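Protein sequences, first through last, are from chains A and B. Start counting the first sequence at 1; every next residue gets the next number (the numbering used here). Start counting the second sequence at 1; every next residue gets the next number (the numbering used here).
I should point out that these hints are in silico values taken from the structure, not numbers from a laboratory. These numbers come from a predicted model, not from an experiment. Fair warning: there could be bad hints in the mix.
[Said to hold, decoys possible] Pairs of lysine-lysine residues, derived as DSSO-like cross-links and limited to a Cα-Cα distance of at most 27 Å, are as follows:
1. A/LYS122 / B/LYS37
2. A/LYS26 / B/LYS216
3. A/LYS121 / A/LYS88
4. A/LYS256 / A/LYS182
5. B/LYS37 / B/LYS73
6. A/LYS383 / A/LYS349
7. A/LYS418 / A/LYS220
8. B/LYS37 / A/LYS121
9. B/LYS26 / A/LYS256
10. A/LYS121 / B/LYS26
11. A/LYS271 / B/LYS50
12. A/LYS271 / A/LYS383
13. B/LYS26 / A/LYS216
14. B/LYS349 / B/LYS412
15. B/LYS50 / B/LYS186
16. B/LYS241 / B/LYS216
17. B/LYS271 / A/LYS241
18. A/LYS37 / B/LYS122
19. A/LYS88 / A/LYS182
20. A/LYS216 / A/LYS121
21. A/LYS88 / A/LYS216
22. A/LYS122 / A/LYS26
23. B/LYS48 / B/LYS37
24. B/LYS241 / A/LYS241
25. B/LYS182 / B/LYS220
26. B/LYS26 / A/LYS37
27. A/LYS418 / A/LYS241
28. A/LYS26 / B/LYS121
29. B/LYS73 / B/LYS241
30. B/LYS256 / B/LYS235
31. B/LYS256 / A/LYS216
32. A/LYS37 / B/LYS412
33. B/LYS418 / B/LYS383
34. A/LYS271 / B/LYS271
35. A/LYS26 / B/LYS26
36. A/LYS111 / A/LYS46
[Stated by the list, open to error] Some chain A residues close to chain B (C-beta under 10 Å, calculated; not the full set):
37. PRO138
38. PHE147
39. SER148
40. ASN174
Ideal Cβ positions, reconstructed from N, Cα and C, are used throughout, including at glycine.
What follows is each chain in one-letter form.
Number of protein chains: 2
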Amino acid sequence: MAEDIGVSLLGLGVVGSGIAEQLIAKEHTYQQQVGSKLVLNHVLVKDKDKNREIEIPQQLFVDSFDEIINDDKTSIVIEVIGGEEPAKSFIVAALNNKKHVVTANKELIAKHGPELISLAKKNNVRLLFEASVAGGTPIIAPVLRDFSANNITSIKAILNGTTNYILSRMSTENADYFEVLKDAQKLGYAESDPTNDVEGIDAAYKLAILSSLSYKSFVKDSDVYCEGITSISAKDFQIAKELGYEIKLIAFSELKDNQISARVHPTLISKNEMLANVHGVLNSVQIETDLIGNVLFHGAGAGSFPTASAVLADVIDISRNISSGFVYLDHMNIDLNSSIGDISNLSTKYYIRVSANDEPGVLSRISTILADHQISIASFIQKSSHEGIAELVIMTHEALERSVQEALNQIKNLSAVKAIENSIRVMN
Amino acid sequence: MAEDIGVSLLGLGVVGSGIAEQLIAKEHTYQQQVGSKLVLNHVLVKDKDKNREIEIPQQLFVDSFDEIINDDKTSIVIEVIGGEEPAKSFIVAALNNKKHVVTANKELIAKHGPELISLAKKNNVRLLFEASVAGGTPIIAPVLRDFSANNITSIKAILNGTTNYILSRMSTENADYFEVLKDAQKLGYAESDPTNDVEGIDAAYKLAILSSLSYKSFVKDSDVYCEGITSISAKDFQIAKELGYEIKLIAFSELKDNQISARVHPTLISKNEMLANVHGVLNSVQIETDLIGNVLFHGAGAGSFPTASAVLADVIDISRNISSGFVYLDHMNIDLNSSIGDISNLSTKYYIRVSANDEPGVLSRISTILADHQISIASFIQKSSHEGIAELVIMTHEALERSVQEALNQIKNLSAVKAIENSIRVMN
């Protein structure tokens, strides 16, 4: 029997607890999967003496990272603290000390992925982060292994469970955003400060990671155009549905003519698309390649055990290497330098909802502005007029983002127009 | 730069041509993916001099397997001939000659998987077969790697594109089976002898492979209960839809109380399920695990390039090993001996369509038989009566398969009953 493989855990929150629990409960199964025993060596926590529900031998707790970094018996460090620091310093130190690292930290990988991947390679150890995108749903390993014969051309995904939960409930209950958000917070589906989720930042991290690996060119989080869901109203859902659409926070990127574009924003998406039928906290990732067409991966995107599943798959993969006596470095090539497209050059369809005085000539003035900007109208609906204010919904054909924004600015300033109530991009 | 890696191809049909084309067209890309150049050494064909559309240098063609087996420069043999023989003999010889093997051959792996996997291990080479299940959609590698920390509890899948195409068209066009089959044959979606597809045999092969790897216990093709789609009619679709169902050829297996059950049969499946919304020739596999819940993989299940994508992913995986100087044997453990459940012990809901004389007492006699067999009725619909013949549709609660079959036999023999038009199992 091969030597035991020591694993140390940084962080014992929701995900960390799930990992520790499984490592202990499935010790025998994992030994069979790997060929060596996986042993939980240390758990780094802030307070060693805190009362915890999970049954972990007291002597495993440490409150100083030094005890892990200096522990020769720890071969694999699992980082589930989250955020940039101290996570980054810990990971850098671990890699430099020839320890393999598994992390679920999307922010860190989105911002510093290539640097950390290089550092791992330099130290002849592995850095894996399957859990950082779509939680328990496998996507990074498939991109690296299963699509290796393909050119990946686009990614279209629902990558944030919180916003998908909120949008699903708004859709089925015809409820308004703040109402559902409050309830989601009560139920634990949204954090007390929901900014990261509802503004699309979390989805942008994940899209950046997946795009970097897919297009083999570094896409930073700041390269992803990002718009949240806070302006979507029950009325938008009503109208979208009448037109055959759902509204989803879609993370989309593509590689076209050597240029990458990446964006996260609310999107009207046809009910015929699988992504339109993804409900609740689940995630879905649709990868388009030259050989296969579209492949969809769908499942749990967060949660203690689903995320632990992805982390532990990475741990088992590395452990199989260690057990077989050879560390097999990953082919994560992010060395191309494709340019990043600007959102203003995007060509897309638009849903535009305007409230205006119900008087002659308004539509004519709006259509003139659109025409002046080369925006052609696919359909136009005048919704019921109320107290002299009419609601107009315009669906455009594909138009240049820059032109649409300019046109919206001009429309907003028309004296008869009360407000641009919303403008949402449309995907087929 | 590392040495070239020689690849030889057995078979140059639809899939083989796709593989050869990609190996030639993407030589440079694959070299970057691997770190060594992949070189197509030989292509085994029946007739070397046949005129072919694909541009392959004439000297690569061989008509004797000996030329490949004795070629020291061939490290990887790709088998895309299909069927049991001569494919099996070729693969055995290749493995014994220390050549890695990649195959798309579902029949062979379903029938002889464990034997061939052992032989590969014994020879310290790899045998991979990602393309054998769900074509271009990754599923075997995810099961082996990404779910390695999980206990897989069930598999629910659409694994045959031909039947899903036929059923999708029957559903949308309200057409009958033979009508659509003929059209599918014309369009190349069904073979001139469609038996393997329409009788569920192809799906059973794939379910056997996936179940064996998931439950780590050999599930042979003959262990899979199998029923085809030929008896489904337009009328069944009409009624199913009224009741909120689609009809799909579902491949299902589960591990419960150390017993595996596996079956392929037409199924009424609720429209709310993702699998009910899989249309056309696509495949979908839903894996249920203890940690993640359900994960769905959805995409192309056949075709030249999608299948080539899966084969080449295996080839690239092995080549990365060769290039790094260490062959990393796969953890395909199929050494448990779980028992296989018999279909007669299945507990399931049933849709039963009966035509009977429109006379008093028929329903009473049918209900009595069902009650005598402990089968309780969930709903009962009497469809319109025509020329004195009424059509009765019974939806049962969960009942024992054995009892249902006995009851159906008795109902069939009632003097007032014209025929059991169809009986189809129902999933939620």
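Original post:
Holds or violated: are the alpha carbons of A/LYS122 and B/LYS37 at most 27 Å from each other?
Top reply: Measuring from Cα to Cα gives roughly 24 Å; hence the hint holds.
Original post:
Do the alpha carbons of A/LYS26 and B/LYS216 lie within 27 Å of each other, as the hint requires?
Top reply: Satisfied, since the Cα-Cα distance of roughly 16 Å is no more than 27 Å.
Original post:
Is it true that the CA of A/LYS26 sits at most 27 Å from the CA of B/LYS121?
Top reply: holds (26 Å)
**OP:** Could you grab the alpha-carbon distance between A/LYS418 and A/LYS241 and see if it respects the 27 Å cut-off?
**Re:** holds (24 Å)
Original post:
CA of B/LYS48 to CA of B/LYS37, is that 27 Å or under?
Top reply: holds (26 Å)
Subject >> Minimum beta-carbon distance criterion (10 Å), A/PRO138 to chain B >> reply: Because about 4 Å separates A/PRO138 from the closest Cβ in chain B, which is inside the 10 Å limit, the hint holds.
Subject >> Hinted contact A/PHE147 with chain B - closest CB pair below 10 Å >> reply: With a minimum Cβ separation of about 7 Å from chain B (threshold 10 Å), the hint on A/PHE147 holds.
Subject >> Given hint A/LYS46 paired with A/LYS111 - CA-CA distance at most 27 Å >> reply: holds (25 Å)
Original post:
Quick one, are B/LYS37 and B/LYS73 close enough, alpha carbons at most 27 Å?
Top reply: At roughly 13 Å apart (the allowed maximum being 27 Å), B/LYS73 and B/LYS37 satisfy the hint.
Subject >> Residue hint A/ASN174, partner chain B, criterion CB-CB below 10 Å >> reply: Not OK, violated: A/ASN174 not within 10 Å of chain B, min 19 Å.
Subject >> Pair hint outcome, B/LYS241 versus B/LYS216 [Cα-Cα no greater than 27 Å] >> reply: Cα-Cα ~38 Å, so violated.
Original post:
Does the alpha-carbon distance linking A/LYS418 and A/LYS220 stay inside the 27 Å limit?
Top reply: With a Cα-Cα distance of about 38 Å, the restraint between A/LYS418 and A/LYS220 is violated, given a limit of 27 Å.
In summary, the structure is inconsistent with hints 4, 7, 11, 16, 19, 22, 25, 26, 29, 30, 31, 32, 35 and 40 from the numbered list given earlier, while agreeing with the others.
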